[in-house]
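Generate the whole structure from the sequences, applying the supplied hints.
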Amino acid sequence: MTLTDSLALFSLLLVVGLLIADGVASGLIAVIPLLIVASGLWSQLRLVWFTTIFAVSCYVALAIDFHFRRTDLQLKYELASDRHLAFVVAMLVLGATV
0 MTLTDSLALF SLLLVVGLLI ADGVASGLIA VIPLLIVASG LWSQLRLVWF TTIFAVSCYV
60 ALAIDFHFRR TDLQLKYELA SDRHLAFVVA MLVLGATV
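For the sequence shown, numbering that gives the first Met the number 0 gives the first residue as 0, with consecutive numbering after it.
Hints in this document: simulated from the structure, not taken from any laboratory.
Ideal Cβ placement from N, Cα and C applies to all residues, glycine included.
Do not take every clue at face value.
Claimed, not checked - Computed spacing ranges between beta-carbons, pair by pair:
1) S5 - R82: 28 to 36 Å
2) T1 - Y76: 31 to 39 Å
3) V59 - I19: 32 to 40 Å
Structure representation (C-alpha coordinates):
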(Lines of atoms letter the chains of each structure in order from A; the text may use other names.)
(Lines give C-alpha, C1' and ligand atoms only; values in the text may rest on other atoms or scores of the structure.)
Protein backbone atom coordinates (compact mmCIF):
# COMPACT_ATOMS: atom_id res chain seq x y z
CA MET A 0 0.00 0.00 0.00
CA THR A 1 1.45 3.33 -1.05
CA LEU A 2 1.40 6.52 0.95
CA THR A 3 -1.28 7.99 -1.31
CA ASP A 4 -3.45 4.92 -0.77
CA SER A 5 -2.98 5.17 2.99
CA LEU A 6 -3.97 8.84 3.07
CA ALA A 7 -6.97 8.18 0.85
CA LEU A 8 -8.10 5.29 3.05
CA PHE A 9 -7.68 7.35 6.23
CA SER A 10 -9.62 10.23 4.63
CA LEU A 11 -12.45 7.94 3.62
CA LEU A 12 -12.61 6.48 7.12
CA LEU A 13 -12.71 10.00 8.51
CA VAL A 14 -15.58 10.93 6.19
CA VAL A 15 -17.51 7.80 7.18
CA GLY A 16 -16.94 8.71 10.83
CA LEU A 17 -18.17 12.23 10.17
CA LEU A 18 -21.24 10.91 8.37
CA ILE A 19 -22.06 8.83 11.42
CA ALA A 20 -21.50 11.87 13.63
CA ASP A 21 -22.96 15.26 12.75
CA GLY A 22 -21.13 15.75 9.43
CA VAL A 23 -20.08 19.33 8.76
CA ALA A 24 -21.73 20.42 12.00
CA SER A 25 -19.29 18.26 13.99
CA GLY A 26 -16.20 19.69 15.60
CA LEU A 27 -14.26 16.81 14.04
CA ILE A 28 -14.45 18.62 10.71
CA ALA A 29 -11.26 20.45 11.74
CA VAL A 30 -9.33 17.21 11.18
CA ILE A 31 -9.81 17.41 7.40
CA PRO A 32 -7.43 20.40 6.92
CA LEU A 33 -4.94 18.65 9.20
CA LEU A 34 -4.68 15.91 6.57
CA ILE A 35 -3.40 18.52 4.12
CA VAL A 36 -0.80 19.72 6.60
CA ALA A 37 0.25 16.15 7.41
CA SER A 38 0.71 15.33 3.73
CA GLY A 39 3.33 18.07 3.54
CA LEU A 40 5.57 16.13 5.89
CA TRP A 41 6.66 13.89 3.00
CA SER A 42 7.71 16.87 0.85
CA GLN A 43 5.96 15.54 -2.24
CA LEU A 44 4.08 18.21 -4.14
CA ARG A 45 1.79 15.74 -5.91
CA LEU A 46 0.83 14.15 -2.59
CA VAL A 47 -0.09 17.53 -1.11
CA TRP A 48 -2.28 18.42 -4.09
CA PHE A 49 -3.86 14.96 -4.13
CA THR A 50 -4.70 15.30 -0.44
CA THR A 51 -5.99 18.85 -0.92
CA ILE A 52 -8.32 17.91 -3.77
CA PHE A 53 -9.43 14.79 -1.92
CA ALA A 54 -10.10 16.79 1.27
CA VAL A 55 -12.12 19.39 -0.63
CA SER A 56 -14.12 16.63 -2.34
CA CYS A 57 -14.84 14.97 0.99
CA TYR A 58 -15.95 18.26 2.53
CA VAL A 59 -18.24 19.03 -0.41
CA ALA A 60 -19.79 15.56 -0.09
CA LEU A 61 -20.38 16.18 3.62
CA ALA A 62 -21.90 19.62 2.92
CA ILE A 63 -24.24 18.13 0.31
CA ASP A 64 -25.21 15.40 2.77
CA PHE A 65 -25.93 18.01 5.44
CA HIS A 66 -28.08 20.26 3.26
CA PHE A 67 -30.02 17.68 1.28
CA ARG A 68 -30.25 14.53 3.41
CA ARG A 69 -29.85 15.48 7.06
CA THR A 70 -32.74 17.84 7.64
CA ASP A 71 -32.77 16.83 11.32
CA LEU A 72 -29.31 18.34 11.72
CA GLN A 73 -30.34 21.53 9.95
CA LEU A 74 -32.87 22.15 12.70
CA LYS A 75 -30.27 21.48 15.38
CA TYR A 76 -27.40 23.47 13.82
CA GLU A 77 -27.81 26.58 11.77
CA LEU A 78 -24.97 26.79 9.27
CA ALA A 79 -24.77 29.56 6.71
CA SER A 80 -24.06 28.48 3.14
CA ASP A 81 -21.14 30.87 2.79
CA ARG A 82 -19.41 29.00 5.62
CA HIS A 83 -18.86 26.08 3.25
CA LEU A 84 -17.36 28.28 0.56
CA ALA A 85 -15.00 29.88 3.08
CA PHE A 86 -13.92 26.46 4.38
CA VAL A 87 -13.21 25.15 0.86
CA VAL A 88 -11.24 28.28 -0.07
CA ALA A 89 -9.29 28.00 3.19
CA MET A 90 -8.39 24.38 2.40
CA LEU A 91 -7.22 25.33 -1.10
CA VAL A 92 -5.09 28.16 0.28
CA LEU A 93 -3.71 25.80 2.91
CA GLY A 94 -2.80 23.27 0.21
CA ALA A 95 -1.07 25.94 -1.84
CA THR A 96 0.82 27.16 1.21
CA VAL A 97 1.98 23.69 2.26
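Results for each hint:
no.: 1; hint: S5 - R82: 28 to 36 Å; in the structure: holds, 30 Å
no.: 2; hint: T1 - Y76: 31 to 39 Å; in the structure: holds, 37 Å
no.: 3; hint: V59 - I19: 32 to 40 Å; in the structure: violated, 18 Å
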